[in-house]
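Residue numbers (the working numbering), protein chains in the order written: chain E, 37 to 148; chain L, 2 to 554; chain H, 13 to 259.
Take the hints with a grain of salt, since some may be wrong.
When the alpha-carbon atoms are kept at most 30 angstroms apart in a straight line, the in silico DSSO-like pairs for lysine-lysine are as follows [as the list claims (entries may be wrong)]:
#	chain 1	residue 1	chain 2	residue 2
1	L	K546	E	K116
2	L	K498	L	K546
3	H	K123	E	K61
4	L	K246	H	K177
5	H	K143	L	K246
6	H	K123	E	K112
For the record, the hints were derived by calculation from the structure and aren't laboratory data. The structure presented is a predicted model; accordingly, all values stated were derived computationally and were not measured.
This is what each chain is made of:
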Amino acid sequence: MDIQHELHSHPSEPTHHEEHIVSPKVYLVIGAALLVLTATTTGVSYIDLGSFNAVVALAIACTKMTLVVLFFMHVKYSSKLTMMTVASGFFTFIVLIMMTMTDYISRAWGRW
Amino acid sequence: MSTIVTLPDQSTATLPRVSYLNKEYGLKSWLLTGDHKRIAMLYLISITFFFFIGGAMAGLIRMELLTPVSDLLAADTYNKVFSAHGIIMVFFFLVPSVPATVGNFCIPIMVGAKDLAFPKINLLSWYLYIAAGILMICCLAFGGVDTGWTFTTPLSTHYLNTHVITAGLAVFIAGFSSIFTGLNFIVTIHRMRAPGMTWFRLPLFVWSHYAASILMVLGTPVLAITLVLIVLERLIGIGVFDPAKGGDPLLFQHLFWFYSHPAVYIMILPGMGVISEVISTFSRKRVFGYTAVAFSSVAIAVFGFFVWAHHMFIMGISNYSALVFSLLTMLVAVPSAIKVFNWSATLYKGSITFETPMLYAFGFLGLFTIGGLTGVFLGTLGMDIHLTETYFIVAHFHFVMVGGMLMAYLAGVHFWWPKMTGRMYPEGVSKLAAVITFVGFILTFFPQFILGYLGMPRRYAAYPPEFQVLNVFSSAGASVLGVGYLLPLLYLTWSLKYGKIAGPNPWQATGLEWQIQSPPLTENFAETPIVTHEAYDYEWLESTKGSEVPTVG
Amino acid sequence: MDSQTLAAQTAETPHGHEGEHPPFLRHHFESVPQQREAATFGMWLFLLTEIMFFGGLFCAYLIYRNWYYPAFVAGSHTLHIWAGTTNTTVLIISSFTMAMGVHAAETRMRKSLVTWCILTIILGCAFLGIKAYEWHDEWVEQHVPGLNFSPESFLHGSEAYPDDKLPLDMAEKTQVYYSLYFAMTGMHALHMIIGVSLLTLLVIRAYGGAYTTGHVNPVENFGLYWHFVDIVWIFLFPLLYLISRHQ
Chain E
37 MDIQHELHSH PSEPTHHEEH IVSPKVYLVI GAALLVLTAT TTGVSYIDLG
87 SFNAVVALAI ACTKMTLVVL FFMHVKYSSK LTMMTVASGF FTFIVLIMMT
137 MTDYISRAWG RW
Chain L
2 MSTIVTLPDQ STATLPRVSY LNKEYGLKSW LLTGDHKRIA MLYLISITFF
52 FFIGGAMAGL IRMELLTPVS DLLAADTYNK VFSAHGIIMV FFFLVPSVPA
102 TVGNFCIPIM VGAKDLAFPK INLLSWYLYI AAGILMICCL AFGGVDTGWT
152 FTTPLSTHYL NTHVITAGLA VFIAGFSSIF TGLNFIVTIH RMRAPGMTWF
202 RLPLFVWSHY AASILMVLGT PVLAITLVLI VLERLIGIGV FDPAKGGDPL
252 LFQHLFWFYS HPAVYIMILP GMGVISEVIS TFSRKRVFGY TAVAFSSVAI
302 AVFGFFVWAH HMFIMGISNY SALVFSLLTM LVAVPSAIKV FNWSATLYKG
352 SITFETPMLY AFGFLGLFTI GGLTGVFLGT LGMDIHLTET YFIVAHFHFV
402 MVGGMLMAYL AGVHFWWPKM TGRMYPEGVS KLAAVITFVG FILTFFPQFI
452 LGYLGMPRRY AAYPPEFQVL NVFSSAGASV LGVGYLLPLL YLTWSLKYGK
502 IAGPNPWQAT GLEWQIQSPP LTENFAETPI VTHEAYDYEW LESTKGSEVP
552 TVG
Chain H
13 MDSQTLAAQT AETPHGHEGE HPPFLRHHFE SVPQQREAAT FGMWLFLLTE
63 IMFFGGLFCA YLIYRNWYYP AFVAGSHTLH IWAGTTNTTV LIISSFTMAM
113 GVHAAETRMR KSLVTWCILT IILGCAFLGI KAYEWHDEWV EQHVPGLNFS
163 PESFLHGSEA YPDDKLPLDM AEKTQVYYSL YFAMTGMHAL HMIIGVSLLT
213 LLVIRAYGGA YTTGHVNPVE NFGLYWHFVD IVWIFLFPLL YLISRHQ
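Whole structure, please, built from the sequences with the hints as guidance.
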């Protein structure tokens, strides 16, 4: 019944979000990847890359986070609203860091 | 003077037989309720209580400042009084004012839902507020805190033996109350709108609360962690802000103001939502530029995150950073200005009547504009060096918060009072109170602008004698203001028993909340509404005049 | 066809489809999918608050690491890398077991759900145990800021890292490092304790079959929380333990 469906489905979401059940195989693969990345990041920290050590460490951490968020937390299979929510959280965090850094980075610049 | 108020025939009118107020009786039914309307009422009572405590503190401040010497209060005591005033007014009154009362009450009804998304979390939010309030009162009873509401380090972490931890924890808990309210609103607005209620059919009140809720959810946690760090530093000596251990006291201010600047938008946005509703209803005209007003609410929320260091221009941040923040501050004024223009355009060629909510709305328009304009002056880096930490700042934020937000709150309480209680308040007294408030406000705070640019510093119990005349004006105005705020407490309470029966739509307003009985049923709607009309559609309202609003009993 | 009366009809009668009014459907929601989406959305919003909560600490860390890099390096070297790596492994496996628990709830396998959740609890407790051991170690070595901090050990350098010999003023700055170490791992541990406690409650209810009759949401949403706490640790580990181990 069309009207019944219209009444049930929400105007904000034109389609019902399908409850996708992620298979355990995916979890296993992602879990293994995370463990490999952990070993990598530990190993790389023993190699001298100068200031790139921090970059690599953060990059690996971000990759791990992305895997957890997309697969363990199902964001890959979630609605656009969920993705926008996650994005807005990161955005605000980045704003906090970047704007605070404008102060700390520039304190030593010249006398003015 | 003409009025649009339309009440049912008082000789035969009665309150509906069943409503959310009489559905269940007993203290437990109120203290364990999940009904958003009852929780709103609980908040209304608690917030009013804290408002008067904060107001009493204000009274003490103005009494002390009648004379140039610190004669009524010792300097330390004065510090404790203005700190209490600030903390209570900001965290226990302004932040929850409209959202927790009118917002809690109206938002589910405005979107066409039976309740908020998480009723139990709503109740938890109120209990957290009460717990925080009790802790704050304990703090005051133990001797108070004298850091100012801003808890600036290293004063708060190292140089005081007052109850910083208690106050900090109280604000921490109140912050979570705020977070949960905001969370609830966001989910409700996204996921529980009735069929046909698209985003652009929502009342602008809902849009403002949506924007404010985003700020509550994203900003408040940073305040929380900052207060935790202060408590840890006082308790154990973890030296994150201690210069002696290598910390930077300015970091505290960055983290504190990262929340506290968006906090001022958390405070004002719901009030702006009220003003949109009131101006539209009492001009009988749809809000001009609905989309602009809706998007400007969200813009205020987003831009509000980028400007916090304008509270820190003289504190030691780099000049380059100060420049960036000053430029961004100019940007954040634009959406607020857009709203003021749109409200003015709504008034233009409208059929304006001057009921009490409208009087408060006019007060808001003028006073908020002045306050906002002086905010732009303060955002200008060069001006701020001279004006900061003077009474100019005090006047600025009181114009926007008291002249703006508090007036909007009173407008909202008066506007939705008939819906929440089923009763009308006496119109004569209420108009008088509104005018008294407006006059008292200007007398209190306008002199403070002058005092500020003449150089009188803020947060001082004593001042140079040449400032006394203006201070006396200010204190005189404060007593008038006090009368203006006391009157609503009296006549609104009176109206609960003796007020005229309001009927479902005394203001002839659009909006789903006006299509149901006053007071509403616990489940709000007898049947799920299906929305087919746009917001502020007065023609559609005319067409419904024929049908009866379903009431129970 | 009057849409108003149609609304009345559908609101009053139980919706034609079977199982549309299960006992866990709250009265203010129209349908189970709506309730589920709302609850998950609410949990994500709560996680946003957690991002910003920890965000303040990460901001402080960023600034002080830039200011006192040698002190941070020296401080980091005193942490046991085996403890950190083991803890990271433990948490990743616990995220896996939690995800499997959610899967068990979705596929309505009660005993599996209970098993996976108990495994997660055990792993969580293992994490906390190792953390407690580390903290005790820091206490013994007098690295707890404010309470018993002494920069003594940093004036001489250690056998593993002889270059960690710092001048007095930089040695004293290691206290900032430890302040952040304890604040961040302490906050994280608090969230782990809350998580383990909540999970225990969930396991008890799951044993009774509460989550294997279609009401997956609480397990799902707890899973989101648990994964988030894992992500925080995923960042804490390199930032606290792996600051240039090559020096």
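How the hints compare with the structure:
Straight-line distance between C-alpha atoms of L/K546 and E/K116 comes to about 41 angstroms, which puts the hinted pair past the 30 angstroms bound. Straight-line distance between C-alpha atoms of L/K498 and L/K546 comes to about 29 angstroms, which keeps the hinted pair within the 30 angstroms bound. With a C-alpha separation of about 20 angstroms, the suggested pair H/K123 and E/K61 falls inside the 30 angstroms cut-off, and the hint holds. Taking the CA atoms of L/K246 and H/K177, the gap is near 19 angstroms; set against the 30 angstroms cutoff, the hint holds.
For the suggested pair H/K143 and L/K246, the alpha carbons sit about 25 angstroms apart, so the restraint of at most 30 angstroms is met. As the CA atoms of H/K123 and E/K112 are separated by approximately 28 angstroms, the hinted pair is consistent with the 30 angstroms bound.
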